[in-house]
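Protein chains: 4
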Amino acid sequence: YYLITQKDITSRLKRRAKFTHKGTYGHALIIAGAPKTMGAALLSAEACMCTGAGLTTACVPEEGLTALNTRVPEVMAILNENVNEDLTWKTYQAVGIGPGIGSSPESLALLTKTLKEYNKPVVIDADALNLIGQHHELMQIIPEGSVLTPHVKEFDRLFGEHVSWWDRVVTGIDRAKTMGCTILLKNQYTMIFTRDGKCLFNPTGSPAMASGGMGDVLTGIITSFIAQGYSPEDAVILGAYIHGAAGEEGNDYVVPASSLIKRLPATIATNYST
Amino acid sequence: YYLITQKDITSRLKRRAKFTHKGTYGHALIIAGAPKTMGAALLSAEACMCTGAGLTTACVPEEGLTALNTRVPEVMAILNENVNEDLTWKTYQAVGIGPGIGSSPESLALLTKTLKEYNKPVVIDADALNLIGQHHELMQIIPEGSVLTPHVKEFDRLFGEHVSWWDRVVTGIDRAKTMGCTILLKNQYTMIFTRDGKCLFNPTGSPAMASGGMGDVLTGIITSFIAQGYSPEDAVILGAYIHGAAGEEGNDYVVPASSLIKRLPATIATNYST
Amino acid sequence: YYLITQKDITSRLKRRAKFTHKGTYGHALIIAGAPKTMGAALLSAEACMCTGAGLTTACVPEEGLTALNTRVPEVMAILNENVNEDLTWKTYQAVGIGPGIGSSPESLALLTKTLKEYNKPVVIDADALNLIGQHHELMQIIPEGSVLTPHVKEFDRLFGEHVSWWDRVVTGIDRAKTMGCTILLKNQYTMIFTRDGKCLFNPTGSPAMASGGMGDVLTGIITSFIAQGYSPEDAVILGAYIHGAAGEEGNDYVVPASSLIKRLPATIATNYST
Amino acid sequence: YYLITQKDITSRLKRRAKFTHKGTYGHALIIAGAPKTMGAALLSAEACMCTGAGLTTACVPEEGLTALNTRVPEVMAILNENVNEDLTWKTYQAVGIGPGIGSSPESLALLTKTLKEYNKPVVIDADALNLIGQHHELMQIIPEGSVLTPHVKEFDRLFGEHVSWWDRVVTGIDRAKTMGCTILLKNQYTMIFTRDGKCLFNPTGSPAMASGGMGDVLTGIITSFIAQGYSPEDAVILGAYIHGAAGEEGNDYVVPASSLIKRLPATIATNYST
Numbered sequence: 000y001y002l003i004t005q006k007d008i009t010s011r012l013k014r015r016a017k018f019t020h021k022g023t024y025g026h027a028l029i030i031a032g033a034p035k036t037m038g039a040a041l042l043s044a045e046a047c048m049c050t051g052a053g054l055t056t057a058c059v060p061e062e063g064l065t066a067l068n069t070r071v072p073e074v075m076a077i078l079n080e081n082v083n084e085d086l087t088w089k090t091y092q093a094v095g096i097g098p099g100i101g102s103s104p105e106s107l108a109l110l111t112k113t114l115k116e117y118n119k120p121v122v123i124d125a126d127a128l129n130l131i132g133q134h135h136e137l138m139q140i141i142p143e144g145s146v147l148t149p150h151v152k153e154f155d156r157l158f159g160e161h162v163s164w165w166d167r168v169v170t171g172i173d174r175a176k177t178m179g180c181t182i183l184l185k186n187q188y189t190m191i192f193t194r195d196g197k198c199l200f201n202p203t204g205s206p207a208m209a210s211g212g213m214g215d216v217l218t219g220i221i222t223s224f225i226a227q228g229y230s231p232e233d234a235v236i237l238g239a240y241i242h243g244a245a246g247e248e249g250n251d252y253v254v255p256a257s258s259l260i261k262r263l264p265a266t267i268a269t270n271y272s273t
Numbered sequence: 000y001y002l003i004t005q006k007d008i009t010s011r012l013k014r015r016a017k018f019t020h021k022g023t024y025g026h027a028l029i030i031a032g033a034p035k036t037m038g039a040a041l042l043s044a045e046a047c048m049c050t051g052a053g054l055t056t057a058c059v060p061e062e063g064l065t066a067l068n069t070r071v072p073e074v075m076a077i078l079n080e081n082v083n084e085d086l087t088w089k090t091y092q093a094v095g096i097g098p099g100i101g102s103s104p105e106s107l108a109l110l111t112k113t114l115k116e117y118n119k120p121v122v123i124d125a126d127a128l129n130l131i132g133q134h135h136e137l138m139q140i141i142p143e144g145s146v147l148t149p150h151v152k153e154f155d156r157l158f159g160e161h162v163s164w165w166d167r168v169v170t171g172i173d174r175a176k177t178m179g180c181t182i183l184l185k186n187q188y189t190m191i192f193t194r195d196g197k198c199l200f201n202p203t204g205s206p207a208m209a210s211g212g213m214g215d216v217l218t219g220i221i222t223s224f225i226a227q228g229y230s231p232e233d234a235v236i237l238g239a240y241i242h243g244a245a246g247e248e249g250n251d252y253v254v255p256a257s258s259l260i261k262r263l264p265a266t267i268a269t270n271y272s273t
Numbered sequence: 000y001y002l003i004t005q006k007d008i009t010s011r012l013k014r015r016a017k018f019t020h021k022g023t024y025g026h027a028l029i030i031a032g033a034p035k036t037m038g039a040a041l042l043s044a045e046a047c048m049c050t051g052a053g054l055t056t057a058c059v060p061e062e063g064l065t066a067l068n069t070r071v072p073e074v075m076a077i078l079n080e081n082v083n084e085d086l087t088w089k090t091y092q093a094v095g096i097g098p099g100i101g102s103s104p105e106s107l108a109l110l111t112k113t114l115k116e117y118n119k120p121v122v123i124d125a126d127a128l129n130l131i132g133q134h135h136e137l138m139q140i141i142p143e144g145s146v147l148t149p150h151v152k153e154f155d156r157l158f159g160e161h162v163s164w165w166d167r168v169v170t171g172i173d174r175a176k177t178m179g180c181t182i183l184l185k186n187q188y189t190m191i192f193t194r195d196g197k198c199l200f201n202p203t204g205s206p207a208m209a210s211g212g213m214g215d216v217l218t219g220i221i222t223s224f225i226a227q228g229y230s231p232e233d234a235v236i237l238g239a240y241i242h243g244a245a246g247e248e249g250n251d252y253v254v255p256a257s258s259l260i261k262r263l264p265a266t267i268a269t270n271y272s273t
Numbered sequence: 000y001y002l003i004t005q006k007d008i009t010s011r012l013k014r015r016a017k018f019t020h021k022g023t024y025g026h027a028l029i030i031a032g033a034p035k036t037m038g039a040a041l042l043s044a045e046a047c048m049c050t051g052a053g054l055t056t057a058c059v060p061e062e063g064l065t066a067l068n069t070r071v072p073e074v075m076a077i078l079n080e081n082v083n084e085d086l087t088w089k090t091y092q093a094v095g096i097g098p099g100i101g102s103s104p105e106s107l108a109l110l111t112k113t114l115k116e117y118n119k120p121v122v123i124d125a126d127a128l129n130l131i132g133q134h135h136e137l138m139q140i141i142p143e144g145s146v147l148t149p150h151v152k153e154f155d156r157l158f159g160e161h162v163s164w165w166d167r168v169v170t171g172i173d174r175a176k177t178m179g180c181t182i183l184l185k186n187q188y189t190m191i192f193t194r195d196g197k198c199l200f201n202p203t204g205s206p207a208m209a210s211g212g213m214g215d216v217l218t219g220i221i222t223s224f225i226a227q228g229y230s231p232e233d234a235v236i237l238g239a240y241i242h243g244a245a246g247e248e249g250n251d252y253v254v255p256a257s258s259l260i261k262r263l264p265a266t267i268a269t270n271y272s273t
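Those sequence lines, one after another, are chains A, B, C and D.
Taking my numbering as reference, the numbering of the first sequence is continuous, increasing by one, and the terminal residue is 273.
Taking my numbering as reference, the numbering of the second sequence is continuous, increasing by one, and the terminal residue is 273.
Taking my numbering as reference, the numbering of the third sequence is continuous, increasing by one, and the terminal residue is 273.
Taking my numbering as reference, the numbering of the fourth sequence is continuous, increasing by one, and the terminal residue is 273.
The list treats identical chains as interchangeable, and a pair is accepted whether it falls inside one copy or across any two copies.
Here are the simulated lysine-lysine pairs, DSS-like style, with alpha carbons at most 27 Å apart:
| no. | residue 1 | residue 2 |
| --- | --- | --- |
| 1 | Lys17 | Lys197 |
| 2 | Lys115 | Lys152 |
| 3 | Lys176 | Lys115 |
| 4 | Lys17 | Lys152 |
| 5 | Lys35 | Lys89 |
| 6 | Lys197 | Lys13 |
| 7 | Lys152 | Lys89 |
| 8 | Lys35 | Lys112 |
| 9 | Lys176 | Lys112 |
Honestly, the hints are just simulated from the structure, not real lab data.
Please put together the full structure from these sequences, using the hints given.
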């Protein structure tokens, strides 16, 4: 058991070097949203962009395109219905999937396609976790090194009912090792289980973050760090810490998820090594 | 008669405790908007979110979905036309209904359904009050503990014509008791009539708030506080006070409703007990 | 010839008194926009709201409703196609017409209806002025006390070609008297011709305001002041001065019209009498 | 080889003079966007407006109109499908073409029409450069004095493969002269090749700008300066410098393109001669 410190962040976080260009920081793909649940996609894609990925593309339903363009014109789009023609996996250095995709057959098909065809780590969240919980055969095709970011209920849907957080720690440590995945469990404390059997606690965060959309933001952040070349473990550690640190700022009663996103570029810069 | 003081607020307002999560702060449902009057729904839902509800869902017409997603991606949506399939009352710790719903048969049906099926206090505002004024039989099925937030004209439509504000006080005190509801009357002074026969005056506010949409914002605030576990009376007292306090900031000539909303997370924090 | 001074503003501008409500500040109607030119309507309506009208309604085409709701949820809407059923003139203490309405037969019909049916001063701008220039019979039905806000080209389309700004002054003074209208001419200097034969120069403004949409904003400001009970002359004097003063702030190279709008509530407050 | 200094900027940049109006600062046309790639158009058009063009019109597909109006109501629109009726070239003092137009036959036709019919310098970027790379006959009809803003891959698609940046410098100097165009090459360093054979290096910029949409913003900036009457060379020098200077502010980890745009009016003002 290990409590993450700011030094763990400063030692991992790389400053952007002079004369680097957007190619240096990777291209992230956020597969999120459904016609009636586009908000999650908007938050996740904007968070990915504001964490510094060189390019961010969102794979969304056509119904969400006007909202996406209006809110985050920096983010490119692939439409769900054109995914077979327009999606080339090798374009992307990182893929995040799940926020707001729902449980339709089309979403299940898109998740299956992603897990089968993308040969690098995938960040799996929210509805994607629930779909895997319902279709346990998908567990077998999760790419080595992937990141799972369940909250407690999603954790139990994936790995069975647990009666205490301690029980979940035991399961988390075990599954991270056997699946070869990093698991971030959003519990009272955010815990990270790594492939090599460690259990890390994230110290940052604020109850002001107890508000809808925060998980969607975290998915975008972690995907962004992976796109920038961090290992999945480092991306999860950096992501959880920065997400919480941004939420601690300002001492407000509540931090809307979209407000937290705007703070990310400055919050990251406060964690450079000196 | 009692003038609310800041001490009444600091003694009621709970800080968000460490390690609480979004479930701690409830899930609020805002039933608002119609195809041509979506603005009220957007303001009410955003105010609810910015007052700290753990989750906010807006029940809106499909025509308003792009605007909702673009403005407040943190807010989830249920479409009016799918309400029979997609709405599960027990999901919500608080329901606010009325801003911009108009007077269509569909809105009447949705209001009737809400009053009949939701067994907990409902925050009733604007067009919902007018519909009750036109369909007095609905008065009988308003859930015990509900909150009514009429302005003077809506008050008279509900309870008959009055010739002076003093007359309305007498009626307000009486009806709050007999209906078992908290009534907030937006008069020159905002007055609150409680179920146990008290009449409270709210001291905060500013003429800069004399601008469209302020009532929609207040509905969102009160619904949010109920979702967070406050009693309807406390939610109304906190809501009226915080709403007015946010409007006093800045000394501008007018405060657009959307600007007031952005101040809510900070304004609430200035009213913590020390 | 008279140069407006800040004292003329402070002596006219009324602070919002305690316990006033949105009814005190009137309901303004902005008739603006067409399917492909909605931006002008959005700027004009938001400026009207931010200048402190109690309520603002925009009469716009249905195609613009999502943009209106998303940008300014405080503003209500009447759709052009429903104007005969949904528009009740006596609801409105002021009407502004013209920004972005184009020259379609429908716009001509709506302008004609407005001039015929609304018996109080109308603020006439942009395409509405051009339509009057093309249909000179409309000149006869402009309500007494109306406000015309042409730039130089629109002035000449209305009143014939002029070869110098001095010529326009002579015409402006004459027409303001004979038509019984206040004419604001956007020239190198903004000049105001009043019904009683005066010619006023507005001293505020900045070349940073030389940017699209500024006229639309001014129309919203003047309409807002009339809705609040100012005489058309006072509304024009206050509007021109405040518009220019907001544009002087910040010393930026250019002020986007939407940025200027956001400053209005604070700029007005800086011109209260002490 | 010459390194641009701040003095080169202050000596070129003209303050906006008193009593100038929007006509003084030209009307810019940004031809950008396609139904699924509207974000680039929004960024380019907003950047053009925020750099101080008197008027900005965007030529976009109808699908993007709601997003355009919502984000930048100051910008007018011409729809791609109406371009033959609604577009009058002499209206515009500058034209920028390319961001997000894709490679459809319609986009090729619109590019061809632009190069053929517009007799003044055109700013050519992104997909427009790729289309020229695929249809080399278009190279012949690029108007004298035009500006090309390729990144390294687009440069090679236009002028053939290169093995080093030095090779590209040699080609760039040659082609700028023979084509009579200013070429801005987005390399590790931004280089500018002028018609008279010079090669200039731009010293501003920050790795925080390594993020999607920055090129779209630069296109809008350069087009805006040309519309304001600067020579293409001066517009490119000013544009590259100001773009980079805006990106240097704030020391954040990353600067979203839309955030950089908001800084432009202030950044330009910091580069006035004293």
